[in-house]
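Novice: Take a look at the letters that make up each chain.
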Amino acid sequence: MELAKPVAFVGVAESDHIGPQPDKTALQLLGEAARNALDDAGLEPYEVDGLFTAAGSSVYAVSEYLGLRPRYFDGTNVGGSSYVIHTQHALAAIQAGLCEVALIAHGRQNFSTRSRAGSSWAFGGGDPFETASVSFERPFGMGEPVNGYAMAATRHMALYGTTHDDFAEIAVATRKWAQLNPKAFIRDPLSFEEYHASRWISYPFHLYDCCLLTDAGGAAIVTSLERARSLKKRPIRILGSGESTTHQTIANMPDFTQTPARYSGKEAFGRAGVSPGEIDVAELYDSFTYTVLVTLEELGFCGKGEGGAFVRGQRTAPGGEFPLNTSGGGISYNHPGYLGVFLIIEAVRQLRGECGDRQVKDAELGCVNGTGGTFSATGTLILGRD
Amino acid sequence: MMQRPSRPLPVPTPETEEFWQACKEGRFIYRHCRHCDKSYHFPRSICPTCWRSDVEWRTASGRGHIYGYAIHHRARPWIAAPYATVMVTLVEGPRVLMLWDGDNPTPGDITVGAPVEIVFEKIDDDVTLYRARPVSVDAAAPVSVAGVSA
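So the protein sequences, as listed, match chains W and G. For the first sequence, our numbering begins at 18 and goes up steadily by one. For the second sequence, our numbering begins at 5 and goes up steadily by one.
Source of the hints: derived by calculation from the structure; they are not laboratory data. We put the CB at the ideal spot given by N, CA and C, even for glycine. Keep in mind that the hints are not guaranteed to be accurate.
[Claimed, not checked] EDC-like, lysine to aspartate or glutamate: derived pairs with alpha carbons at most 20 Å apart:
(1) K283/W x D272/W
(2) K378/W x D403/W
(3) K22/W x E117/W
(4) K283/W x E117/W
(5) K42/G x D272/W
(6) K42/G x E61/W
(7) K42/G x E64/W
(8) K249/W x D272/W
(9) K249/W x E64/W
[What the hints assert, rightly or not] Label pairs and their calculated CB-CB ranges:
(10) L242/W x V131/G: 54 to 64 Å
(11) P81/G x R246/W: 24 to 34 Å
(12) R38/G x L20/W: 57 to 67 Å
(13) Q105/W x P18/G: 28 to 38 Å
(14) E243/W x R38/G: 35 to 45 Å
(15) K126/G x T93/W: 39 to 49 Å
(16) S140/G x E61/W: 40 to 50 Å
(17) T63/G x D40/W: 20 to 30 Å
(18) K126/G x D40/W: 26 to 36 Å
(19) V24/W x W82/G: 43 to 53 Å
(20) G97/G x Y63/W: 15 to 25 Å
[Unchecked claim] Derived list of chain W stretches under chain G, where covered just means 3 residues or more per stretch with a C-beta under 8 Å from a C-beta of chain G:
(21) 190-202
(22) 214-220
(23) 324-330
(24) 390-396
Bound-form chain G, shown alone (with noise of 0.2 Å):
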């Protein structure tokens, strides 16, 4: 994919570096908590039911399935109008805010329900970012909800 100048990217801390080097490695991983057993993102070190810090590491599978979405008809420097933003509720549990991988999209090719999964999306050498693009039903099978351990 072309390009475009200026995109906001995103600025990793401490709490969040071992989210975006493991994007770079194609894992999308996910916080839970070991004393909650609560799964949850954005990754915070603090457990945001209990507050305590024994919190791990979890990968997802990449599976979910559409929350919510909308198309955007207003380009920024970076990408073209229309493009799509999709909320995607893992099969884990937490939801993700996603790009739709997928040009000129129509409310027709976007459905609330519809199961999805993610594709990572390289910027550059520092940075690899996430899109969610549409999976078949028949590919859709149930997987484990419960992760796998990272």
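Bound-form chain W, shown alone (with noise of 0.2 Å):
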């Protein structure tokens, strides 16, 4: 293999014990398997900004659990032969410059899951990877994306007085683009009227502030340069792009009125040697309005705390300066759950001129951000034509 950048292994290392543990937990071992490798090689956490695993609920779970901030991670989990296919991604991400210390970490407790029947340890008896979200949040009566999306924008409205009515410039503006979509789900116009009557759901969300539930597939195919040139259609190039999480659950968010995309948006449109204002046409994940609102603010299409401003007098809408959720976005064209392939669907049909009544003229280059979790994690990529 020619590799531009050669790669190698630094740190190796199990955790304290090996055998029956049924005093501590599989992120625990984790844990210590992980600073006893840090010890190996000579390094600290702080330095480590790749996380790779296949243990735990997710990716982030672990990722939260260490504290980590990485800016590229990857929870591939085909069973044990996910760490050394670990390997070969963290090989790749290294090579691209997209991280520079990747932890390639497990923790499991074969042993003690199976040994303590009856107790809510056992499999089947409870959850073996229990997560944070099962005992912090469940029993306080968190259980949907809304109920942490809501807590959050209380705070930004308290902070930098963000109003309802800079949400229904979001959920109104987004609607237009919908009527204007073919295949969107709701095409009916939305007044800010209507918007305010709606009922709540988690205040300060109406319903209007959210997404909707639909049922759909998505696919984006990515491929070299040289071998889109041979295809049928005009390549769009992907420019840039960043990942980022900070947290799982809500409680470890660093700051309420902040989100992922400040990190990933930074690396995003660095790669790519663009800057927010020359973006003609934006696909920000919009789980709520409020999701959007304050992604402008961390992507710098706007400062902080001005995403209300930002949006007022439909701003965003058909014929406004700043195209934003041409399709409907979430909230009005689909929602099935994991947006973002449908914000790349849309970026890439406008840059390509495909999008007929709701073309935005003259568009050269996309911004596309998604948002998971509870603002848990960010990616961003900067598109733009052939």
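Two chains, two frames, some hints: make the complex.
Specialist: Below you can see the structure in the form of structure tokens.
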């Protein structure tokens, strides 16, 4: 393999002990192994910027447990082969300059989870990958994303004077784009009055602040530019990308008025050599209107706390200065869960010029931002026409 | 408070058993790393800053302030709507999610930045949880932020 950047292992270690350890948890054993591997390498946790794991319930559960804010992460889980495969993924990431120090880490208790028959620990008797969410969120009234996103929104309102009208601007504008999209699920006009009259879901969110529930599939294909130029349509290049996760459970969100997009966006724009002001069309995950508002700030389209002012006067609607969520978004076009791929689909179509009535004129540069979990992780892409 | 069926309950683990036991005793305890001098929640036996195991329990004063909140209008089998969840920043530093201790909350009842205190909620003989309730401004006198060693 000819690598522009040869890659090497520098630290390897197990947890402090091996064998029955019913007085510890799987992630605790992972943490011990990670610490020991750092010691073997002569590194500290703050130097780790990539995380690869098939432990716990999800990669961001492990990342949160370790207090990490990785700039590259991978939770590929194909059973016992996972970590060998993670090594190839780490090699590729380091090659591409997406991270520098990759932690590949595991912790599991095949002994203890079977031996505690009848206890909440045993298979079938509870969650062997107990997460902080099971114990510190669900018993306290949380259970759906709306519960958490709404809690962050009230802080933004308190600190920056963001209002229900500001959220309404996003809902109303997004619906106008849906009216121009034959594939959108809801295409009736939405007025400010109807928005304010709609029932509360989780205050401060009304019904029309929340994304739809639909069933759908979505797919995207990426290849080398060389191969792309030999295929059917005009290639849309990925000029820059970034990803970030800061937490899993909302109590560990570093700041309720920020999101990981401040990190993934900075990387994506930086790698693309593009500034936010150059973007012609943006597709920003709209799980809720507030998600969009705060993301506009975090990506640098406006200043911190200025999201409300930015969207006022229907700036993001068809005909406005900042074309945003031009398919009608998760709020009006489609949201089967995990909207990110649909943001990509719309951005690619806009840059190709395939959007008919909702086509943004002369769209050459696009920005896609996906937000997942409870503001837990983001991915940002800067796209451009070939 | 009348108990409704099927409230999800915490699953105590070797890392959190002591925390849930302390709740039964009316104490809110949290982890502190002696190496980093950093406090954190949820409890982990590995410090999330240095990944070492030199950690101790400390007891919180029970006081904090509201960092953020929401009022939920969809009931669950075990709780009537509307009910509120609040994120509480303890005076000792860590943030903790709690249910608001009040029926039929409205936005006027809950203010970001307002002082609160923890009240314990006995669910049954095995489980005690906790809620946040408002304190008057007078009662929210400054307390030591170092906490008290358990």
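Novice: Against each hint, give a clear statement of whether it holds in the structure.
Specialist: Now for the hints, and whether the structure bears them out:
Taken as a hint, the K283/W and D272/W pair is honoured in the structure, with Cα atoms around 17 Å apart against an allowance of 20 Å. Restraint check for K378/W and D403/W: satisfied, since their Cα atoms lie roughly 17 Å apart, inside the 20 Å limit. Pair hint K22/W plus E117/W holds up; C-alpha atoms about 11 Å apart against a cutoff of 20 Å. Using a Cα cut-off of 20 Å, the hinted pair K283/W and E117/W holds, with the two alpha carbons roughly 17 Å apart.
The suggested pairing of K42/G with D272/W holds, with an alpha-carbon distance near 18 Å, which does not exceed 20 Å. For the suggested pair K42/G and E61/W, the alpha carbons sit about 16 Å apart, so the restraint of at most 20 Å is met. For the suggested pair K42/G and E64/W, the alpha carbons sit about 19 Å apart, so the restraint of at most 20 Å is met. Restraint check for K249/W and D272/W: not satisfied, since their Cα atoms lie roughly 45 Å apart, outside the 20 Å limit.
With a CA separation close to 44 Å, the supplied pair K249/W and E64/W exceeds the 20 Å bound. Evaluation of the 54 to 64 Å hint for L242/W and V131/G yields a pass: the beta carbon distance comes to about 58 Å. The beta-carbon spacing between P81/G and R246/W, approximately 57 Å, falls outside the hinted interval of 24 to 34 Å. At roughly 42 Å, the beta-carbon separation of R38/G and L20/W lies outside the given 57 to 67 Å, and the hint is violated.
One distance hint, 28 to 38 Å for the beta-carbon pair Q105/W and P18/G, holds here, with the actual separation near 34 Å. Taking the beta carbon of each, E243/W and R38/G are about 56 Å apart, not inside 35 to 45 Å as hinted. Range check, K126/G to T93/W: Cβ separation about 44 Å, and the 39 to 49 Å hint holds. Distance hint for S140/G and E61/W: a CB-CB separation of about 45 Å, consistent with the stated range 40 to 50 Å.
Between T63/G and D40/W the beta carbons are some 23 Å apart, a value that agrees with the proposed interval 20 to 30 Å. The hinted window of 26 to 36 Å between K126/G and D40/W holds, with their beta carbons roughly 27 Å apart. At about 51 Å, the beta-carbon gap between V24/W and W82/G stays in the expected band of 43 to 53 Å. Judged by the Cβ atoms, the range 15 to 25 Å given for G97/G and Y63/W holds: they are separated by roughly 19 Å.
Requiring three or more residues with a Cβ within less than 8 Å of a Cβ of chain G, the coverage given for the region 190-202 of chain W is violated, as only 0 such residues are present. Proximity of the region 214-220 of chain W to chain G, defined as three or more residues with a beta carbon under 8 Å from a beta carbon of that chain, is established by the 5 residues found. With a threshold of 8 Å between beta carbons, the proposed coverage of the region 324-330 of chain W by chain G is violated, since 0 of its residues qualify and at least three are required. Using a Cβ-Cβ cut-off of 8 Å, 0 residues of the region 390-396 of chain W lie near chain G, which falls short of the minimum of three, so the contact claim is violated.
Consistency with the previously given hints fails for numbers 8, 9, 11, 12, 14, 21, 23 and 24, ordered from lowest to highest.
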